[in-house]
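**Student:** These protein sequence lines map, in sequence, to chains Y and X.
The first sequence begins at 1 in my numbering and counts up one residue at a time.
The second sequence begins at 273 in my numbering and counts up one residue at a time.
Check each hint, because a few of them may be wrong.
Okay, derived cross-link-like pairs now, DSS-like style, lysine-lysine, Cα gap no bigger than 30 Å in a straight line [claimed, not checked]: (1) X:Lys466 - X:Lys450; (2) Y:Lys194 - Y:Lys178; (3) X:Lys397 - Y:Lys259; (4) Y:Lys178 - X:Lys519; (5) X:Lys397 - Y:Lys267; (6) Y:Lys125 - Y:Lys114; (7) X:Lys300 - X:Lys471; (8) Y:Lys247 - Y:Lys23; (9) X:Lys386 - X:Lys397; (10) Y:Lys194 - Y:Lys104; (11) X:Lys539 - Y:Lys267; (12) Y:Lys247 - X:Lys300; (13) Y:Lys247 - X:Lys450; (14) Y:Lys28 - Y:Lys178; (15) X:Lys471 - X:Lys295; (16) X:Lys519 - X:Lys386; (17) X:Lys531 - Y:Lys247; (18) X:Lys450 - X:Lys300; (19) Y:Lys125 - X:Lys519; (20) X:Lys539 - Y:Lys247; (21) X:Lys531 - Y:Lys125; (22) Y:Lys114 - Y:Lys199; (23) X:Lys466 - X:Lys539; (24) X:Lys295 - Y:Lys267; (25) Y:Lys267 - Y:Lys104; (26) X:Lys397 - X:Lys295; (27) Y:Lys125 - Y:Lys113; (28) X:Lys300 - Y:Lys125.
To list a few chain Y residues with every Cβ distance to chain X over 10 Å, as calculated [as the list claims (entries may be wrong)]: (29) Val43; (30) Arg131; (31) Phe143; (32) Pro152; (33) Asp243.
Keep in mind that the hints were calculated from the coordinates and are not lab data.
Just so you know, even glycine gets a beta-carbon here, dropped at the ideal spot from N, CA and C.
Number of protein chains: 2
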Amino acid sequence: MLMNSSSPIGIFDSGIGGLTVLKEIFSKLPHEHTIYLGDTARVPYGIRSPETVTRYSFENTRFLSARQIKILIIACNTASSVSLDAVREHFPVSVVGVIEPGAKAAAAATQNKKVGVIGTEATVKSNSYTRAIHAIDESIAVFSVPCPLFVPIVEEGWTDDRITEMVAERYLSAIREKGIDTLVLGCTHYPLLKPVLTKVMGSSVRLIDSAIETARQIRDTLTSLSLLNGSSGPARHEFFVTDSPDKFLSVGERFLGRKIEHIEMTKLEMEV
Amino acid sequence: MLMNSSSPIGIFDSGIGGLTVLKEIFSKLPHEHTIYLGDTARVPYGIRSPETVTRYSFENTRFLSARQIKILIIACNTASSVSLDAVREHFPVSVVGVIEPGAKAAAAATQNKKVGVIGTEATVKSNSYTRAIHAIDESIAVFSVPCPLFVPIVEEGWTDDRITEMVAERYLSAIREKGIDTLVLGCTHYPLLKPVLTKVMGSSVRLIDSAIETARQIRDTLTSLSLLNGSSGPARHEFFVTDSPDKFLSVGERFLGRKIEHIEMTKLEMEV
Chain Y
1 MLMNSSSPIG
11 IFDSGIGGLT
21 VLKEIFSKLP
31 HEHTIYLGDT
41 ARVPYGIRSP
51 ETVTRYSFEN
61 TRFLSARQIK
71 ILIIACNTAS
81 SVSLDAVREH
91 FPVSVVGVIE
101 PGAKAAAAAT
111 QNKKVGVIGT
121 EATVKSNSYT
131 RAIHAIDESI
141 AVFSVPCPLF
151 VPIVEEGWTD
161 DRITEMVAER
171 YLSAIREKGI
181 DTLVLGCTHY
191 PLLKPVLTKV
201 MGSSVRLIDS
211 AIETARQIRD
221 TLTSLSLLNG
231 SSGPARHEFF
241 VTDSPDKFLS
251 VGERFLGRKI
261 EHIEMTKLEM
271 EV
Chain X
273 MLMNSSSPIG
283 IFDSGIGGLT
293 VLKEIFSKLP
303 HEHTIYLGDT
313 ARVPYGIRSP
323 ETVTRYSFEN
333 TRFLSARQIK
343 ILIIACNTAS
353 SVSLDAVREH
363 FPVSVVGVIE
373 PGAKAAAAAT
383 QNKKVGVIGT
393 EATVKSNSYT
403 RAIHAIDESI
413 AVFSVPCPLF
423 VPIVEEGWTD
433 DRITEMVAER
443 YLSAIREKGI
453 DTLVLGCTHY
463 PLLKPVLTKV
473 MGSSVRLIDS
483 AIETARQIRD
493 TLTSLSLLNG
503 SSGPARHEFF
513 VTDSPDKFLS
523 VGERFLGRKI
533 EHIEMTKLEM
543 EV
């Protein structure tokens, strides 16, 4: 491999959600070069089968690996849930998903050993957060609930909205009644809903933002591999999508909190 | 071509929505054999670029054409909007989309020459209903609005729900104020929202259900081509999906209003 400490961090997501992770990378690791791939031609992954999501993850990883990345972030909860192990097995690159960092933070945060997890259908069905939390502490009770309307609501921009509150109330009332003290936002779109979620859950419930935890994990891993970029020059950020760059730009800048300078369309080399 | 009057009707959609069209085919043409393809590995089409949707339409058409269909229904408003002409040009099969039948019915129904159209982002952006209605009568004013939350709401099963009413109110109040007397349901999921839409728009606004109009058009076209199935034996219905047959079954039976006996997974021969 031709990579070294000045190589970029590779990051893929099914679409724009992973930009919440990238935003935290920018904040914690401002000197790192990055390449982001949003698979907008096949978004969303959350409604697809594990086999199909794994196939898509392989194609995304192949695309980024060809660009000499030094570490790969699977910034999509669904893809992390169902394909992280397979990607690690098949590609000779360090891989960090968003599940383990979120699970670790949740296990550390809970006082009463009752944790809630919200995510897409696929993430919840995969049980991956429950398994990751139980690998740390088996005595923690984990209550999961799929929230399929949250992603389109965030993409509509209805983040501070009476309708969104009612939808959140519908999805969350059952896990609130379980008395959880910690809630994992198990989808990269959800950090934009933090104010609504706090309103519905109460301010005593700690919200775990996987994006922040993942960026922390990346910093730790790069440090331990001696792969932090030593240069303090300006970082280079590349963006690729498989469809609709215009929409990615307009919605993406809201997620990223800054301008996206340059974006390219790519057709992945798709397996049949 | 090896097709004749006993050949099946081919029908594709991005997912399950097209089953509302198939349901009307079953009702109006009970002796016709059918093959349905739901491209559930790449649903939804409504958020994708015209180029990508056209590529997907070609792959779906190739799959069905190989099965000796006598006529093809593009039972997806987005795919009809952006790819119908290209499919007609490239494949030697009669093709009926869902736009023209809906536009024709709307033009015939409106008294005050004010028509509303609701659909996905891609359908609305394509302006295809406006063009099709204006091709019939240029003096009709057409008001379109994208309703991206309606599809996930229908898939959640929240068809009779206070939240859905509020979302409909948000999307529709502007076109209600235009004084339209006719509203085209420009997405195959929307017929399941008829009660809510009537509540929000008022019972004097005529709802145009593209599924019903398309089935009528198919009957007329097959009649004029002398391709109606003469046999009165039991009809054969095949279902194919590109992903997650289980979910298709559970949600699909609600759309179709009857059991789906047999379903197969297929990988399309995808173009790169």
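**Student:** Just pull the numbers of the violated hints for me, sorted ascending.
**Tutor:** 12, 14, 16, 17, 18, 23, 24, 25, 28, 29, 32 and 33
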